Amino acid sequence: MNEARSQILNGIRRSLQRGELSGDARAAVEARLARPPRGPAVARAALAQPEKVGLFCQWAEANNATVARVAPAEVAAEVSAYLARNNLPAEAVIAPSPQLAGYDWASQKMLSLRQGRAEGSDHVSITGAFAAIAETGTVVMASGPEHPVTLNLLPDTHIVVLRESDIVGGYEEVWERLRARYGKDRMPRTVNTITGPSRTGDIEQAMELGAHGPRRMHVLVVRE
Amino acid sequence: MESTAHDFKENVDTALADPNLQDSLAKLKVGFSERRRQAAERLPEFEALRDCARDIKNHALANLDFYLEEFERKVTALGGHVHWAPTAEDARRIIGELCQSMGARTVAKSKSMVAEEIALNEHLEALGIAPIETDLGEYIIQLRHEPPSHIIAPAVHLTKDQVADTFLEHHRKLGFTKRLTERNDLVAEARYVLRQKFLDADVGLTGANFLVAETGSSLLVTNEGNADLSNTLPRMHIVLASVEKVIPTLEDAAVLLRVLARSATGQESSAYTTLNTGPKRAGDLDGPEHYHVVILDNGRSAVLGTEMQDMLRCIRCGACMNHCPVYGAIGGHAYGWVYPGPIGAVLTPQLIGVEEAGNLPNASTFCGRCESVCPVRIPLPSLMRHWREREFERHLTPRAVRQGLALWSFMARRPRLYRRLTTLANRVLALFGRAQGRYQTLPLAGGWTRFRDFPAPPPGGTFHAQWRGRRS
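Residue numbers (my numbering), protein chains in the order written: chain A, 11 to 234; chain B, 236 to 707.
Derived from the structure by calculation, the hints contain no laboratory data. Every value quoted in this text rests on a predicted model; they were computed, and no experiment measured them. Treat each hint with caution, since some may be false.
[As the list claims (entries may be wrong)] Listed next, with one range per pair, are the computed distances between beta-carbon atoms:
| id | chain 1 | residue 1 | chain 2 | residue 2 | range |
| --- | --- | --- | --- | --- | --- |
| 1 | A | Leu57 | B | Phe601 | 36 to 46 angstroms |
| 2 | A | Ser16 | B | Gly682 | 26 to 36 angstroms |
| 3 | B | Glu381 | A | Pro108 | 16 to 26 angstroms |
| 4 | A | Gly193 | B | Asp286 | 51 to 61 angstroms |
| 5 | B | Asp286 | A | Ser122 | 53 to 63 angstroms |
[Claimed, not checked] Take a look, some chain B residues computed to stay more than 10 angstroms from chain A by CB distance:
| id | residue |
| --- | --- |
| 6 | Gln257 |
| 7 | Lys262 |
| 8 | Glu276 |
| 9 | His294 |
| 10 | Ala312 |
| 11 | Gly372 |
| 12 | Asp532 |
| 13 | Gly588 |
| 14 | Ser617 |
For every residue, glycine included, the Cβ atom is placed at its ideal position computed from N, Cα and C.
Start from the sequences and build out the full structure, keeping to the hints where you can.
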């Protein structure tokens, strides 16, 4: 294996007509890695927080998600109402996170919840979100014991509970939050950034929803 | 995959005579390109982002060894493994052994052009392991035993009716006996059939749009979510990526993602953009126990530092083929190997040799639409011209072309003779009938006039004559 490794790396160096990076050249690349420069700023999302929330909702809906803006006390009731509106069973698998546990689920007597990862037989999942991107209406999920990845993918319906303060402008602010939370060198195993339900354009380039992931995504944007 | 690039001309004849293909291509010409134009217009920073994307890829290529080592260091630190594959055969062997180490019977595969390049499916089948393509387009063509015809829309050459026939034929044994007519029903049936295969797969194999050196993450973009199921459900996740996929940081990824989806399908963002870093962590309820990245060279490192290096900037969006009049007329299969369209005309001679693929860079009018839409500004026409020069130097150009070029070059070096002969030719052509403005037949030009009219020279004499006239 080491032979193959040096074959490739030495081949690259031979083509670039230099040896292993050293001195100033190496220091410059290391500095770029330590303090990553940002690309051109996207003006669309350079807004005050309330307008950012509005922009997120607008783009999420443009990408076929549905959005409900609610107070914390209304979260559980909105989940029940959404399931009823869409003729879905009043049962869901919910991410085992303290944030979600804080909502008033006990008020929904008909709603049956199970904590854990999703299985192939689950129809509805409820998760939080690590952050969301206003620029494109994208929710960001960081995996961990409190947020199994299967919840984002297997059920037909994915309900996301998103706090207004977790909505940021663009990807760059998500990266900053990830570094602050997990450390610069330690990403969570999986970061899913998800823009609307699963879709495919593979038959005659016409977009159809519900290819392999959820067919429906409902985002509860929670006021604070 | 066995190349038929050598038979390009015969492939083209077949493609032009295929009514289903021509129907599908007619949709392509108005679909992706119009959506890309609208997406670019919605984002005022789009052109600045393209410049930045080009610079990022150039920087990564100039320091490729450094970033690959950095990537490896980060992957290893989090419990993953990096394997180095100088050749396609090395990559096939490594992946085969990894699958065997899991006792794998099936592999859930998410669309990967690099996997096509190394003919991975054939290798796995020979080992008794069933590769299951999970991208809808890739699944359809796997059932039909066809290669992809487009790098992001592998079944773009097929009509809905052809898909319906294919599903009826192959899903009948699973109990689906009704021929479907609606697209959403076809999608739903494939979803149902593939879901069980995801749950049963022992290994998930994906490509990568980018490898992020800063974090040791593989980054994948899909609309269906198939890559995410492939890298979450099975016990082992294998990433297959070529050396030039590595980029420095997450900030760089943000720039490239902004131009990728818009250039490819005209979407603001693909539905799923996923970063995977190492295997599942302590306390995780799901995710793979094993994470392996196979880094393939297959001749790419030799392109660095040459005048062809720009081709390694490619982020595989497909915009060049969506906008190419040649691709739009003949589709992807005619190119005869894995990568079609303008980028294929540049990559294929590099990867399998100009002797085999010399026809491809010649199939261009150099109209320049590909370069004008490329998100990383690859000068595709210049690179195709380069291959034509290499072909000429190596005496691979057909004799008639060489003789024609020799004659033209003889005349071009004798301006007086050139002017006299072109003036004469202009007059003779005028005699044949300038009135109609075109010729339906013309001596010595049967190859052209058999399919289309030849334009008559406009009045006013040769270009030289008109130039002199206007300047005086």
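ask   = Hint by hint, which ones does this structure get wrong, listed from lowest number up?
value = Going through the list in order, the structure violates hints 2, 3, 4, 7, 9, 10, 11 and 12 and respects the others.
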